[in-house]
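> Single-letter residue listing:
Protein chains: 2
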Amino acid sequence: MDNRPIGFLDSGVGGLTVVRELKRQLPHESVVYIGDSARAPYGPRPAEQIREYTWQLVRFLLTKNVKMIVIACNTATAVVWEEIKEALDIPVLGVVLPGSSAAIKSSQSGKIGVIGTPMTIASNIYEQKIKRLAPQMAVLSLACPRFAPIVESNEIKSSVAKKIVYESMAPLVGKVDTLVLGCTHYPLLRPIIQNVMGPSVKLIDSGAETVRDVSVLLNYFEINRSREVEDKTEEYYTTASVRGFKEIADQWLGEAVTVQHVDLDKELEND
Amino acid sequence: MDNRPIGFLDSGVGGLTVVRELKRQLPHESVVYIGDSARAPYGPRPAEQIREYTWQLVRFLLTKNVKMIVIACNTATAVVWEEIKEALDIPVLGVVLPGSSAAIKSSQSGKIGVIGTPMTIASNIYEQKIKRLAPQMAVLSLACPRFAPIVESNEIKSSVAKKIVYESMAPLVGKVDTLVLGCTHYPLLRPIIQNVMGPSVKLIDSGAETVRDVSVLLNYFEINRSREVEDKTEEYYTTASVRGFKEIADQWLGEAVTVQHVDLDKELEND
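Order-wise, the sequence lines are chains A and B. When the letters of the first sequence are read in order and numbered with numbering that gives the first Met the number 0, they come out as residues 0 to 270. When the letters of the second sequence are read in order and numbered with numbering that gives the first Met the number 0, they come out as residues 0 to 270.
These are calculated hints, taken from the structure and not from any lab test. Any given hint might turn out to be false.
Where chains are identical, the list cannot tell them apart; a pair therefore holds if satisfied intra-copy or between any two copies.
[What the hints assert, rightly or not] Computed cross-link-like contacts, BS3-like style, restricted to lysine-lysine with a CA-CA straight-line distance of at most 27 Å:
| no. | residue 1 | residue 2 |
| --- | --- | --- |
| 1 | Lys-22 | Lys-130 |
| 2 | Lys-156 | Lys-104 |
| 3 | Lys-231 | Lys-130 |
| 4 | Lys-84 | Lys-66 |
| 5 | Lys-110 | Lys-22 |
| 6 | Lys-130 | Lys-245 |
| 7 | Lys-231 | Lys-110 |
| 8 | Lys-104 | Lys-66 |
Okay, chain A solo, but in the shape it has when bound (with noise of 0.2 Å):
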């Protein structure tokens, strides 16, 4: 038994979408947040900043005693999962192998499609871990720059979203059975990207899939915390505007939550 909070980390808001479904799995889960808006997205940044930033989050979560930290995105997943994970001495999970694994298990057709930032895309990752599970798979990967700032800046019910995601994706519809959306900003694009790929294609969320695993690693490591539900804290921090991300986050997990502003330099530097 462990009662204290699990950490998530993103580049911004998209790793929301997995707390929303931790929410709704591990209720009972205290939880500390932090986005990095002020410098999302990471998709387009090089690797080597990308790991900078990303052990800056992990830092800041580390003071807040975190029993667990999910890199709630794709992209920090793919450049330093592994060295976060080797580094530390509490579970860290990322987002890339829950989705790639159920991505394999869903698919019928062996043609699984990828989308997900730049970096995500051009780190190969989802092929590199679908293929070395699963050789015979196809998998076919699309980076899609446009959305996660689409979803930073909450336009997502605008007509210009609909068309950019159109757009994007033509290059998949009717080329595969699954779909893995590759970074934890596109489930909060989920019924635009269906209507384009059409309702027999299996949309996989990499963040929910990561939600089964905490809840596994939970029991595994006996961290669960207690489901006595009154006592239990949710924390949300990011590094720009406190309106701009709680405007996204009250309307994503359907409450209103405290946000709180985070300058990561001042508050790490005599970490």
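Fit chain B to the supplied structure of chain A, relying on the hints for placement.
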């Protein structure tokens, strides 16, 4: 990636229900199975003896170079899972936590039934685990000492089996909405148990739940086997007669498997 087999141990044939589930969910993984049918059932034995026997099975599996061990026996899990997990440097799974966790998720009424061997029920392990995770749940436990012997002697389709199950389970009928099959032998009696309890009661197969956890831990520790099934291996060992074990194994796994007799004392004497 790790192409070594997963090791399963049980007091007898019950753990085959876990292997069947593994073959369904993860058909590419290699298997080494040891069933201690010569000394089954473990349920009525004293804890110290169960501890000693289980450690022998673990040592046997280690001689087979397994990458993970599944204690596919609730009784052994109740007595010695934590000790074995601490002692080994490969992942060791028991069947109790996955079953408890699934029961909590399933129950709407908050009333969960658990059936198991006398030792499992006396250990109170399911009630402890369930109530630690979810204190508001009520757990009704029932020892069913006659079930595992029916399965070991392959009398699951006899009218005697039906009579025994109906009589034994009467105290739980109408009292719970979820029932944990807290012994890996019991899924072989599932149709009868479902009939007694009624169609609205959700039966939790702790073994099947455990395989979901196996899959997650293979991912987390990055020890999956490549999904090239050609050269995968399956080895089944029993401490009792090959014929009796094979009859049940073939029937339950739906294919003819090769079963070898093993004399544990001899096998381990130079260990």
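> So which of the earlier hints does this model not fit?
Numbers 2, 6 - these are the hints that the structure violates, sorted from lowest upward.
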